[in-house]
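J.: 741 is the number of the first residue of the sequence shown in the numbering used here; add one for each residue after it.
Because the hints were derived from the structure by calculation, they are not lab data.
Where a beta carbon is used, it is the ideal one built from N, C-alpha and C, also for glycine.
Misleading hints may appear alongside valid ones.
What the hints assert, rightly or not - Straight-line Cα separation of at most 30 Å, DSBU-like style, residue types lysine-lysine; simulated pairs:
1. Lys809 to Lys782
2. Lys749 to Lys789
3. Lys809 to Lys749
4. Lys809 to Lys789
5. Lys835 to Lys809
6. Lys857 to Lys822
7. Lys822 to Lys749
8. Lys789 to Lys835
Claimed, not checked - Listed next, with one range per pair, are the computed distances between beta-carbon atoms:
9. Glu879 to Glu772: 34 to 40 Å
10. Ser846 to Arg878: 22 to 28 Å
11. Lys789 to Ser758: 43 to 49 Å
12. Asp751 to Ala774: 46 to 52 Å
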Amino acid sequence: YLPDDILVKVDRMSMACSLEVRSPLLDHQVVEFAARLPRDHKYTLTQGKRLLRRLAGSYLPSAILQRPKQGFAVPLASWLQKELRPWMEEILLSKSCRQRGFFVPSRLQQMMSEHLKGQRDYSQQLWAMLVLELWLQREAR
741 YLPDDILVKV DRMSMACSLE VRSPLLDHQV VEFAARLPRD HKYTLTQGKR LLRRLAGSYL
801 PSAILQRPKQ GFAVPLASWL QKELRPWMEE ILLSKSCRQR GFFVPSRLQQ MMSEHLKGQR
861 DYSQQLWAML VLELWLQREA R
């Protein structure tokens, strides 16, 4: 998963932005050192990354070190209601999309309307339809 998925994505995105990314914790010497550490130096039942947290404690406020793990979510619902709205409408309401017949126009219109009014979050479905339609447009050439 790490070498075949995560690192590939990081590499592609960083190259697209002309960035050079380093992953120091993946260095074989760091991994070998960590493998030799006693378990209680690495984690307890309630806390992981103990040694790393201790080191970071010299540089970061405790509020950051103590906070719970959190994911990163893209504000897709908001983007489709605001910044990406014209693009979404142009793609999904296009003549070519309608003629393709994959989506029921009245249902698509209803989903977009409810999403744009904030009545219901259809961001995942609308995004999937956008990606499919863009792929179909590209492959139809």
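J.: Given the hint that Lys809 pairs with Lys749, test it: the Cα-Cα distance must not exceed 30 Å.
T.: holds, 22 Å
J.: For a C-alpha distance cap of 30 Å, please report whether Lys835 and Lys809 respect it.
T.: violated, 45 Å
J.: Does Lys749 pair with Lys789 here, judged by a C-alpha cut-off of 30 Å?
T.: Roughly 24 Å between the alpha carbons, so the hint for Lys749 and Lys789 holds.
J.: Take the C-alpha atoms of Lys809 and Lys782, compute the straight-line distance between them, and say whether it is at most 30 Å.
T.: Status holds; Cα separation ~17 Å.
J.: Given the hinted pair Lys857 and Lys822, is their alpha-carbon gap at most 30 Å?
T.: holds, 11 Å
J.: Taking only the CA atoms, is the gap from Lys789 to Lys835 under or equal to 30 Å?
T.: violated, 54 Å
J.: Given a hinted range of 34 to 40 Å, is it respected by the beta-carbon distance of Glu879 and Glu772?
T.: Since Glu879 and Glu772 have Cβ atoms about 47 Å apart, the given range 34 to 40 Å is violated.
J.: Can the suggested window of 46 to 52 Å be confirmed for the beta-carbon pair Asp751 and Ala774?
T.: Cβ of Asp751 to Cβ of Ala774: about 23 Å, so the range 46 to 52 Å is violated.
J.: Do the Cβ positions of Lys789 and Ser758 conform to the proposed distance bound of 43 to 49 Å?
T.: At roughly 31 Å between Cβ atoms, Ser758 and Lys789 fall outside 43 to 49 Å, so the hint is violated.
J.: Given the hinted pair Lys809 and Lys789, is their Cα-Cα distance within 30 Å?
T.: holds, 12 Å
J.: Within 22 to 28 Å or not, the Cβ separation of Ser846 and Arg878?
T.: holds, 26 Å
J.: Taking 30 Å as the top limit, are the C-alpha atoms of Lys822 and Lys749 close enough?
T.: Between Lys822 and Lys749 the Cα gap is close to 27 Å, so the pair holds against 30 Å.
When each numbered hint is compared with the structure, violations occur for hints 5, 8, 9, 11 and 12.
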